[in-house]
Each structure stands twice: as C-alpha cells, then as structure tokens.
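There are 4 protein chains.
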Amino acid sequence: MRPHLPDEDVERLREQMRACLEARGGEVSARARAAALGRAYLALDETGRQRFLQVLVEDFGVDDGAVDSAVEALRAAEGREARYAAQAQLRNALEAPRVRLLTQFNALPDGIKFLVDLRAELMALSRQDPAFRPIENDLKGLLTAWFDVDLLELKQITWDSATGVLLEKLIAYEAVHAIRGWDDLKNRLAMDRRCFAYFHPRMADEPLIFVEVALVNGLADNVQKLLDEKAPVQDPQAADTAIFYSISNAQRGLAGISFGNFLIKRVVDQLAQEFKGLKTFATLSPIPGFRTWLDQALAEGAPGLIQANERKVLNAAAGKSHGAKGTLKTLINRGNWHSEEQLRDALKGPLTRLCAHYLLNEKGRGGRARDPVAHFHLTNGARMERLNWLADTSAAGIERSAGMMINYLYKLGEIDNNHEAYTGSGEIAASSTTKSLAKG
Amino acid sequence: MRPHLPDEDVERLREQMRACLEARGGEVSARARAAALGRAYLALDETGRQRFLQVLVEDFGVDDGAVDSAVEALRAAEGREARYAAQAQLRNALEAPRVRLLTQFNALPDGIKFLVDLRAELMALSRQDPAFRPIENDLKGLLTAWFDVDLLELKQITWDSATGVLLEKLIAYEAVHAIRGWDDLKNRLAMDRRCFAYFHPRMADEPLIFVEVALVNGLADNVQKLLDEKAPVQDPQAADTAIFYSISNAQRGLAGISFGNFLIKRVVDQLAQEFKGLKTFATLSPIPGFRTWLDQALAEGAPGLIQANERKVLNAAAGKSHGAKGTLKTLINRGNWHSEEQLRDALKGPLTRLCAHYLLNEKGRGGRARDPVAHFHLTNGARMERLNWLADTSAAGIERSAGMMINYLYKLGEIDNNHEAYTGSGEIAASSTTKSLAKG
Amino acid sequence: MRPHLPDEDVERLREQMRACLEARGGEVSARARAAALGRAYLALDETGRQRFLQVLVEDFGVDDGAVDSAVEALRAAEGREARYAAQAQLRNALEAPRVRLLTQFNALPDGIKFLVDLRAELMALSRQDPAFRPIENDLKGLLTAWFDVDLLELKQITWDSATGVLLEKLIAYEAVHAIRGWDDLKNRLAMDRRCFAYFHPRMADEPLIFVEVALVNGLADNVQKLLDEKAPVQDPQAADTAIFYSISNAQRGLAGISFGNFLIKRVVDQLAQEFKGLKTFATLSPIPGFRTWLDQALAEGAPGLIQANERKVLNAAAGKSHGAKGTLKTLINRGNWHSEEQLRDALKGPLTRLCAHYLLNEKGRGGRARDPVAHFHLTNGARMERLNWLADTSAAGIERSAGMMINYLYKLGEIDNNHEAYTGSGEIAASSTTKSLAKG
Amino acid sequence: MRPHLPDEDVERLREQMRACLEARGGEVSARARAAALGRAYLALDETGRQRFLQVLVEDFGVDDGAVDSAVEALRAAEGREARYAAQAQLRNALEAPRVRLLTQFNALPDGIKFLVDLRAELMALSRQDPAFRPIENDLKGLLTAWFDVDLLELKQITWDSATGVLLEKLIAYEAVHAIRGWDDLKNRLAMDRRCFAYFHPRMADEPLIFVEVALVNGLADNVQKLLDEKAPVQDPQAADTAIFYSISNAQRGLAGISFGNFLIKRVVDQLAQEFKGLKTFATLSPIPGFRTWLDQALAEGAPGLIQANERKVLNAAAGKSHGAKGTLKTLINRGNWHSEEQLRDALKGPLTRLCAHYLLNEKGRGGRARDPVAHFHLTNGARMERLNWLADTSAAGIERSAGMMINYLYKLGEIDNNHEAYTGSGEIAASSTTKSLAKG
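Protein chains in written order, with our numbering: chain Z, 1 to 440; chain A, 1001 to 1440; chain G, 2001 to 2440; chain Y, 3001 to 3440.
Hints in this document: simulated from the structure, not taken from any laboratory.
Cβ coordinates follow ideal geometry from the N, Cα and C atoms, glycine included.
Accuracy of the hints is not assured; some may be wrong.
Facing chain G, according to a computed beta carbon distance under 8 Å, are these residues of chain Y, among others [what the hints assert, rightly or not]:
hint: 1; residue: A3066
hint: 2; residue: V3071
hint: 3; residue: L3125
hint: 4; residue: D3129
hint: 5; residue: P3130
hint: 6; residue: D3150
hint: 7; residue: F3262
hint: 8; residue: G3381
hint: 9; residue: H3419
Construct the entire structure; sequences and hints are all you get.
Here you go:
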C-alpha cells in the first residue's frame, strides 16, 4: 500500500479487514493477516493512517439495524432466561466488529505496544473529529482489561539491573523534573534513592508509570537540593522519611487507565518493609496550575485578591529596588524576582497565602480541586501538609508555581477517610498550618 | 465466615461486596477487600460457595430497569453522536456490577488462577441451574480478554529446565495417554521428543495447554511403540516426521477459549525452523467416539451396517476359535479379541471400514464431524491421512476405538483451503485410501 | 582410536599429547586438540583408559634430571634475588608437564565435570597401583584451586525452582537416608524442610554437596518420623529447632576437598536470618561405625565389656522370650530384636552405654574419634548432645548402629573453642548426659 | 587499624595473619578473619597498604631452611615412591604460607575482584622494589588457575541486555578509541555492531576483556567513519566483512594472563555461525609504536632513512605551502600537516613506506615484532593485510602513528601455520602489497 493510501488501496484494505474479521482460513491465518495489516499501518504517512482508521470507523462500527432488532427482541422477551438471552444478544450487537480486528493486532511482535500507541493517535484524532471517539473508546475498553493493575508487575529499577534500553526510556519519559543526562539519572538511582515502575509482561522494556523516591530525614522542602548530584549519598537505613518527588505516566495511550494510586501505595508498603526506620511517606509535588489561575485572577482584577497590608509591602519593596510603583502583577512578571532578596521577601507573604487559597478553595469541574496534581493526591487520600517557599527555582518551577511546591502526606490511618471525604463531599484534608496560611 | 455461610454471614458478605463495588476508601482499599473476600470463598465448603455465588447472581446482576431506561434513551436519541452516547450508556447498563468484583479478585496472590478455577465451578453449577449461566458468561468474557493467545507465552518444556512443580502438573493434566510415572515423563522429554505449552505470564507454573511430539521417521502407527521407555533414543536431526501424539487442555476453567489450533501451528513453525529435515507434520490421534457410535448402531440394528461377506468371515472366525456363532456385536465385546489372532484378522476388515465410515460420514450437531477429535483437527485444516489398525492396544484404546488411531496430516499449502471447505460446507479432507476404506 | 587402545594408537596418542603441550598452532588450537583427546578418552573401554593414563604417568611426569639441575642451581644461588629466581625455577621443574594438558581438558563442553570424574577414576587406580598417585595428586591440586569454597555458589533447592535433571541427581546422590522416589523427595522439599547445596558455576546441574534440614520443635529423635510422608507439614515460622538430618557428598572426584564444614555453617547463618524463632541448630546423625566396632570387641571377648548386672538382665530377657540363654552377641544378631519389647528393653541399657563409650572413648588414627561422622562434626566444633534409642529402625539403621542416632549440637559461642580443643588435644565436647551414659 | 598502619598495628596485624594461616577455630572462622583483614586493607592509605604487604613479604614467604631440608631429603630419597614423596614435600616447602591467606581473601563479598586489584598494586610496587616480586608471582599463580579461559563466560553485550553498571564500565575501560559518551556507546552496540566480553562467574559486572566489531562490506580503512554516530545503520545480514576495531583489556591485575587470542577466535566462530554472508575477518588496528620509533630514528639521523626522491618531494611541498625548506622531521611535527593537501600528499609516500618497514623489519626483544599490537596479532596467526593512510585522524591517531592504521587478516586456513612460523622463526605473514610498500 502507498503511504498516503489512495482510494484503490482503501478498497483492498477494506477487503483484507473483512478477511480478518471472517477469520478466513482459520483464526491462525486471520491473525497473520492482521499482523500484516498492522505492519502496513506503520508504513503509512499521517494522511494514510487517518484514512486507514476511517475505514474502521465507517465500515466496521456498530450495526444500528442489528441493535434495533436486538432491542425489539429484548422487549419481546418473556421470562428470566429469554430476557437474559436477549440481553446477551443485545450486548453482542453493541460491540463493533472492529473490536475483533483490534484484538488481532496483538499478533504483531510488539502488538500490545502498537495498540497503546494507536490509542494515543486516536485520542488526538478524536479531539479534532468526534467520529473517532467510538473506536477510541473500543480500544480503551480492550486496554483497560489487559492493563488491569493486578496483571502488571511492579519492579524496582536500579543502575545494577536496568538495561540501556530501559534507562534511556526513563530519561525520555520523565515528565516532572527533566533528567539532564546519564549522571543525573545515575544519581537518581543511588543507594539513598528508589525508583519503581509498573510493567506489562508483554511490554518488557516499557515502563507504564514510574515514581522516584528519596530517602531522607524530615520533609524535603527543595527539589534542587534533592537532585544535587554533588550532595553526598545518605545511609538509607538512617532515613525517617520517604519523599516521592516525581511520578511520570510513560504511555500517552494509557490515559484514563490509572495506576498512579496503586503505584504510590504499593511502593509505600514495599519501602516500609525494607526500611524499618521510615516514619513518614510524603511527596514533594509541583503545583502546576497556580500561576495560570493567579494570572487570570489578576487580569480579571478580582476584588480583595490582595490585602491592603500586602499591597503596602509590595509597593515599598518595588520602590526600594527599582524606584517604581509595584503591584503583584508587575513584580511577579519580572523574570528574576526570586533572586532579589527584598522583592522575594515582600512577595513571600501574598504568594504563599494565595497559593494556599488556590489549593484549598479553587474548584474545577465537578467540585474537584482545581489543581490537577492536588486532585490526584487528594483522591488517593493524601493530606496537604506543607507549602514550601522557593522549593523549585528552576525556570519551569518559577513559571508554573512561582517556585513553590507542596508536600502531600500519605498517613496510613487517614487515607481511606480522606478519600471518602474528598470523593464524597469534596472536603480537602489539610494541615492546620496550610489552612491558616490560606486565611492570611 | 462459617464454612456453610449461614444467613447472617450472607448479610455481612453482601455488605462487603457492596463496599468493593463502591470502592469505598479508594480502589486500593477495594482491591484489598476483594482479596479478603476471595480468601473467605476459598475457606467455604460446597454449600457455602454456592450461597456466596448466589449473592453475586441475585444482587449484583444486570439491573433490568436501568437497561429499559437506556433502551428508551437510545430510541429517543437523534443524531450520530447522541446515538453513540446512548449506545455506550446501554452497553454499560448491560454489564453486571459483579464484573467489577470479579476483576478485583485479581488482587489475590494467584488471582487469575482463582478466577480460572472459579469458572470451572460456575460451569458445573450452570449445568444444574441455568441461573448461574449469566455470571459464568461474565467470567468467560473477562478470561477471554486476559487469555488472548498473543498475550500468552509458548514455551518448550524440557527435563533440564522444567521445575518439579511444573513436571508434576504435566503428569496430573495429561489427558490422552496417561503418564505412568517419572520415568515415563522423562522419556517423553528425551532428545527425540518435544513438549510445548502455553503459559499466562501471571500463572507461571500452570500450563494452559500442552502438546507432546515425537520426532521419527515415517508416519507413526502405534502409540505403545512411541511411548516405549526402552526404545532407543533417535537422533532428532535425522527425523523426517513430527508426530503430535497428545494434546491436553490443562485448565477446565478455560473451556471454550481455544488455543489448540494456535499451539499446533506455532509448534510446527518452531520445529520446522529447528529441524531442517522434517517433511511431514501429523498427529497420531485417538478416535474417542467410535465405539459409542458403533454400539448404538449395532443396538439399533441398522440395516446394511455389516456386509454379507463380512458376516460370513466373522462367523467362521468365531466358530474356529470358540465353537460358537459370532456377530460383530458379540465378538467385539469379548474383552481380549485383539489378542486372538484369527478373531483379530476377521474383525480387521469390518472394523476399519466402519471406523472410516464413522469418521467421514457421521455427523454431529450443525453438520460437523461427529467425532470431537476429528472436528478439532478438521477445523484446523488438517486432512484424515491414514487409519491405523491395532495402534493403541491399551484398555482405554480398545474400549474407545477398538484399538484404532488415525493420523491427521497438517500440510502447509492445504490448511487454509481445508479449513474453509470444512467450516463452510462441511466438506472433509481425506486421503483417497481413507475414502475408499470407508466404501469397503 | 580403538576402545582398548592398542600400541600403535598409543603412539599416535603420545604424539597428540605432545602437540597439546607445545601448543602447536597456538593455544586455541591446542585446546581444541585437547578437547578431542578428552572425547577420545570417553570413548575408550577400561583397558584403553588405563593405558591412556599410563602414557600421562610415564611420559609427561616430572623430569628428574631437570629437578636435579634446578636443585644444583638453587644451591649455587647467592643473594636474595638469585635465590628467589632459583626457587621459582625449581618450582617449575617440580610441576609435571601433564598438568598443562589436564588444564586444557577444560575446553570440553563439560570439561570440569570430566576432570572431577577423571579424578575419581584415578583415585581407584591409585589404590591398586601407586604409580598413579602423582597424577592423581596433580589433578587434586587443580581441583582444589578451582573448587575453592568461596568461588562456589550456595543455593537453596526447592520443588518450585529445581529442574528435573537436578532433582533426579538428589535421588541418585543421597548417601545417608535413601530417597525412595519422587513423593519422598517432594516431602523433603516441603515448606517445613530445607535443602541447600554448593554448586560450581561451570557445573550448573551438579550439586557438589547437599544438606537436608527439617524445621521442627525440640531435638528430633527419630528419622523415620522426620521422613514420614504422611506427617502434616508444620509452620516453619513456629519452629525452634533446625535439624540437619542428611549431608551427602555428591562427587567422588572431589574427595579430600572439603565443603561440609562451610555448608553447615553458612546454612545455619541463612536459616537464622530467615527464621527468627530458631534457637537450636543440631543434627540427627548416624553412627556408622558402632556395630563394626562392637562386633569386633565382642569377637575379641574384651573383658569388662558387659557389666554383670547387664548380663543378668539380658539372660532373663532371652529366657522369657525364647527359652534360651542370651548374651549380647547372640541377642543383637537376632534380626528383629528391636520389634520384641522385652528384648528391646533389656538391650537398651548395655547398647546405649556401649555406644556412648564408643563415641567418646574409642580412637582412630592420629587420636581422632573412631567414628567418622563424629570426627567430622567434632572437627567442625559441634558437641555430642543426645544419644537417641530406636531412632533409625530401618534395616540399614539397625545394621550399622543398632538403631541408635545422635544429635550433634552447633552452638554459636562454643564452636571455635570446641574445634580448637578437639583438633589441638583430641578433647571431645559432649553433654553431661552423654558422658555419664558412657560410664554406665 | 589506623590508615598508615603504625608499628603497633603491624604487630597486631601479624598476629591476625598467623591466626588465619593456622585456621584457628576452624577454616570457617579463619575465612571470616581473612575477610576482616581484607576490609582493613581497603581502609588503609598508600603507606599503610605498603606496610601491610611488607608483612606478607617478610614474615610469610618461603622458609629457606625448610626448602634446604626438603632438598636434602630429596637427594637422600631412593626408589620411585620415596623420590615422589620427597618431591611433593619439596613442592610444599616452595609454596609460601601467604598463598593460603591470599586464597582466603576470596571470602570477601567481591573477593576475587579484590585479588585482581591487589595484583595490580603489587605489579606497581614490584617495579619499584623487587622484594615484592615473589608475592606478586604467588598471586599471579592463583589468578592464572582461577581465570583459566574455559572457566570464563563469553557474553555478547547489547544495549538491550547490559545494565547501567556494565555499560559505564565499557566507557571507563575502552582503551583504543575512547567512547565519547552514551550516544557513542549506543552507536557501538547498534544492529550492525557487536561487542563481546569475557566474564568470570564471580565478577558478574566486570568485563575482563572486550572486543568491538563492525559488520561492514569490504575491509574498513577509516576508524572515524566506523564510529560516525550519524552514519546509517547497515543490515548486518548483508555484510561480508567483520572488522575488529577495538580490543581492550579491562583488568590491569590480569596482565600476562592472556585471553585476547581466545576472544578473537571464539567471536569469529560465533559471528560465522550467525551471519552466513561473512567472508572476511580482520582488524582495523592502531600502530602504537610507529612515531616513537620514527622520531628516534630521525633524531639519530639514520643514513638512508629517507630516499633521495622523497627528500626532493618533501622539500618542494614545504616550499609551496610555507616558503621554507622542509624535512620529514620538521614537516611531521607541524600539528596540522594532515589537513594541508599538498603536504599530506608529499608525506604519504615516505610515511607509508617507513611504516611498512617498521612493522615488517623492526624487532623488539627476543626477535619479536617491535610494535606490540603487531606482535599480538602475529602471535595469534594473523597476517598484515593492508596499511591505511589517513585512517585515524584523531589527535591520538596522528600522534602515535601519523594517522595510519593497519588491517590484520584472520584467515582460517592460515592461522596455525602463521603462528608457528612467527613463534618459531620470527617470520611475519604479510600481503605482497605490504611487503613491496616496505621496499619503497
């Protein structure tokens, strides 16, 4: 087939798909044919791929007529068994024929990775054209079954056991604090660090999600210190705190099939087993939505956002350092405010108060916490423990959260109640310090 | 919970199941709770287990009202997207809530094996009470996804690499020619033998299905010779024929989720790769239904079953050896007919003819071959190649097929056509010798 | 070469050995040639092998002339460096050229196993003809280096991880309490049992020595009970005592290269780590030399062997049960004395006293304990803890030690002192009960 | 013990060494004590280590008196057996007691690596003080036995299977063409490359020696092209030539225990097996001694070194490019002669001629080829095939061999004869082109 899949090729393609679905020559032959189709797909260009998927959307979707008949049959069914049989019939009618073909793609050497990547493509397409949503959803259903968390393997990743292939994937997939090279990576796998990932047995070198942990003393309050390659390695047996400082989803195609919750809790269990001295399990997390929210609020000029005394302090600081009148808006948009001591000190009060407020009170859709990382940890039953000023002074850290980070605390006895309170009534667990900070 | 699960315990059980389904305290807690339920189930007696499952049947099945509403919504939906959303809604309504709980049982240490065994129990219960069919079917759906053939591992089993645990399972699961002990087993894993099995990655020591192969010269015609522990080991590089002499499904709970077809063909590929001298791939198979059919036909006195000349020969042979009048019916029911030369010779003609007829012409439900082993290999695209007289003189062999066995031939170029002809129009591929044998 | 290696073949053989030693064509070619020689050796019959080895003995031994010259050179050497160089020269002259060829046999696929087995053959030959001693000793030197205990791997053997090949070797090599089949073997690998072995990295499926341990409560006093396949499996976490009930050397060719001492102590360490409840580490050991010694003593009519009161009791018991006069000699030679209650009771006193005496007081060569198992454990620093009456009522147990067994106790704080006392002055560590038993 | 090991500590040390050698408390205790000594050694500073080793040199060496007595006993011995016993006695007397202690260091967790590194230290010390030679030699004897080539494992190293620990060691140990980082390393492990190493089973992550191979078409003539990370990956199945472009010994402490010869030939065998299209096995090797030799010859003003016509050409080229008179000496010492076309062209003639002459005719000690890499490959039986101009234009390449490299050809049928001719009479195998090049 030609890369852009012209019409004649589409015709042949449709015929081959049909052969797969009818299992001509038997199921073994059908799988071989499906694998050939999969290889053909990989050789297509963007247009070609979209046309390939369109065939699946249009010609191999649910047959509305069959659904209607099955609905009629169900209405007519009398008695428990007849009703059950009719339901089964209807269930079948509601499953698109293409689901079978998608399953057959497993016959490719890396079939399951192929399907995970295909879903990532379908998700992108769906955002442009809702016609792709049903097939995207079909595929999500399959992946949800195959990636059931208890069918996966939780493995520790170490410098001694991980292969080159896997290690370079960690570098590629790290989504929170970019890994700057092999030395940085090796440092994150040192004796006082831990890295764990979930793997699917048929995708051996592909982490699905991974977490990086530092074994330290006391709640960590600065990510640059944590990642300092020159800092001496600590004795992990002497640590009292495990800090989860990075969690990265590695496969876009598995979005919405969540393992993060399991990953954190199983790693907590495993670490608690290995290191008897650990008393505290917490994160050092980014607050990715703070500046976006703040900028919008400042733009809208929300009344009462800044308190009078804060305003005074800011003005004074601005005057001292630059001889100009300063508002939060102007000051925070100076690129290097955090490296000027007076400015920094003046901003600390209002910014920490506003950030605590943002985390505790600002809501997104469905009453959930507006900050996505907050929502994730709150759903897991964690508590907002401590807001850390100047905790991430990298360019990204300043940009997304004015350099602040927060510790979410995972406290064994509280997790279930916190989860219930948050998912039930939206109640957010937080330390009293955090709460009073929000009040100013 | 008490072993027989009295009413009060059922009440508590129902409450715990609800907690799992609502994921109280979060999904991690729900899984832990499901695992506890699974362990409780394993501790129940037969009555207790049945009551446990009944709760799932009655309280956690499809909600008919929800289905009806979803059906109404679907009828009311207008436009492609609305229709699709309504279909998705209906699909959800048709999935019983217990499916979620069944999935959560994966959290048990051997969760997937637990579910496979649970299905075996549900299949037995369904045969007695159709109310268990829907849940049996729910579980079959899950297992079908998880045991997709391309998510499994095909492994060779050898005396050098298989563990004690796995080896004793081969002995336990062999279903065609019982393994008489460790020496017999070791002989079946000798240098001129091969054994392959499919495994699920989360059920490492449990074969799902396994096949035993002998590397020989020419089509094998006697299974006792094949299994003779004293026969010298042959050089496998000199063999021209691979004989598949035993295929055993090892997990009752995976009935209807077929791997046999794949197993044979993938093993053919692998052997062809390893041994360049192999020209022929065939089975030496039992004919399990022959005597049952024959006895019934003889009882019904089907006219023309025995030909006149055969009748004469049988009579003569009976006379010579026992001084009595002999019919096929009386002669074949003498326990040791096959050890008396004259009787044996007289029976050979009619029995081989009738057996070829049975294989080629007798039909079961849906027009398929009446013999189940024949149906399996014909569906795979194999050809009936040669009927072998006195090929299995064990008690079981005499009892089920009057000692006959048949070679099914897997010929690469023919397989797809044979499959299509058989599954399409019921046409059976057979050698001309077999066909003429059936005619007498 | 022909199996019995006639003279002409010997000539060719000698030439090929020379080619190996001169490394003609380079060391890689020489090794290939040595491997061919090794394969030729394996194809020889007994006569042929002896002639093969004789060539090595006669033509490739130490060159006396070269030794004499080197000795002269050493006497003439003046100054430290010259002396050292001369010593090095002499050391070379004292190493037989065949040592190089023996080393080259490592090039065989199972070269190191070949050499271990070759040593077993050479040990047998040496016993008949001392001319083989030097080469046997050369080989022992090589094996001593290669089988240094810290180059070996200590592995646990379990039913879940050991292969068929390894398991059948355990059955073949068990030297103390014969393994009666696969069920017996499986029972010895049950949850409340442990089996450990040393392995050489290039002899992966060949245990060098292995020990079997039972995790029980209190000192075990009966081996039949320990090995009872029907006895329920105990919870190993609840055990307070580890009983080492069998230690078998698996390779005759490694005689004199001892690992037993290391094996016991490393297994003690490992078990102490795994099972915190273990307080006692002891053996349940045979007393293989007791009856041989006793029979000889009785034959020699050693005065005072039997005490007067014992004599009376024996006589009485003999009378009661058989109406005949009984001495220890006659009674103990009745095959089934241990199944007759009165006889058994009468024999208990004198036999336990004599056995304790034998263990504590009878000496072998060099002042060591006469009983070889006693010598082994005493050298390891263990203490004679308790003599057990009717502890092994198998035919072998009755025959070698009148059914008695003994517990040797390994007590961490005592081991070094016990070892020093025994190896220094022959002093035997024993419990007071054992000592008083010996006194009668 | 204090880092610099003052006199009192030396006294204690001596006592502890004695305890090890006498195996006080048994061999298990002795090994534990030896391991403690090994850990103490690692904690010492340079002075301390030297003093530690001096104790071994002075107090635990060969006892000259014992040697003299054994010599006397040997002279007095009459008869074959007595003589043999006396030889054995003498052999024992010639083995220094410290050999036992060195062996016991194996009890350290990485004992064998400890000993390899210790030998590297002893080699350095021996060069300063010959008193360390005997102990260095003792250790070499032990390592020679333990690192017998057939007790090692040959493993392929791939990006998919090698761990971070191993990969960074390749970077550290590469001795011929420095690996510039992880991308360079990954490129050397690409599909058209191979890397093999020998490993000792008890030093799992430590390569002993490794070779890097490129699968190409035709003899490679430029190492920069070979290592170009941007060059497209070739299909290895289409390659006709395997180029061994780097061989690095990774353990200084194993100097003189040679595996290089085996490594090359076993890798040739393995590649020939895997890639049926390979016809040629050759190296692309540095000529490390050329410039040193040349500079010396130029300094000595060896008459006839430069031919008259060459002199003229050089002069002319120098004039054209710099307006100055040029000799080989002045021209070659201009840092960038190879980037000036005319100069380069003028130098090509004399430099290639002189280099061929150097390789073929210049001799080192014992008549061997003066160039060490040449000596290595000639000893292995390879042939000088082709000299390559501007084959390594890195700074190092220009510096050591004026940018030239040579292909040594490993031709199966020739290897043994080449080896014999070279090691016997110093005859060098070379292509006729190389030979005539040397003549000019």
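Quick rundown of the hints versus the structure:
| no. | hint | result |
| --- | --- | --- |
| 1 | A3066 | violated, 11 Å |
| 2 | V3071 | holds, 6 Å |
| 3 | L3125 | violated, 15 Å |
| 4 | D3129 | violated, 11 Å |
| 5 | P3130 | holds, 6 Å |
| 6 | D3150 | holds, 4 Å |
| 7 | F3262 | holds, 6 Å |
| 8 | G3381 | holds, 6 Å |
| 9 | H3419 | holds, 4 Å |
The structure fails hints 1, 3 and 4 (numbered hints given earlier, in ascending order).
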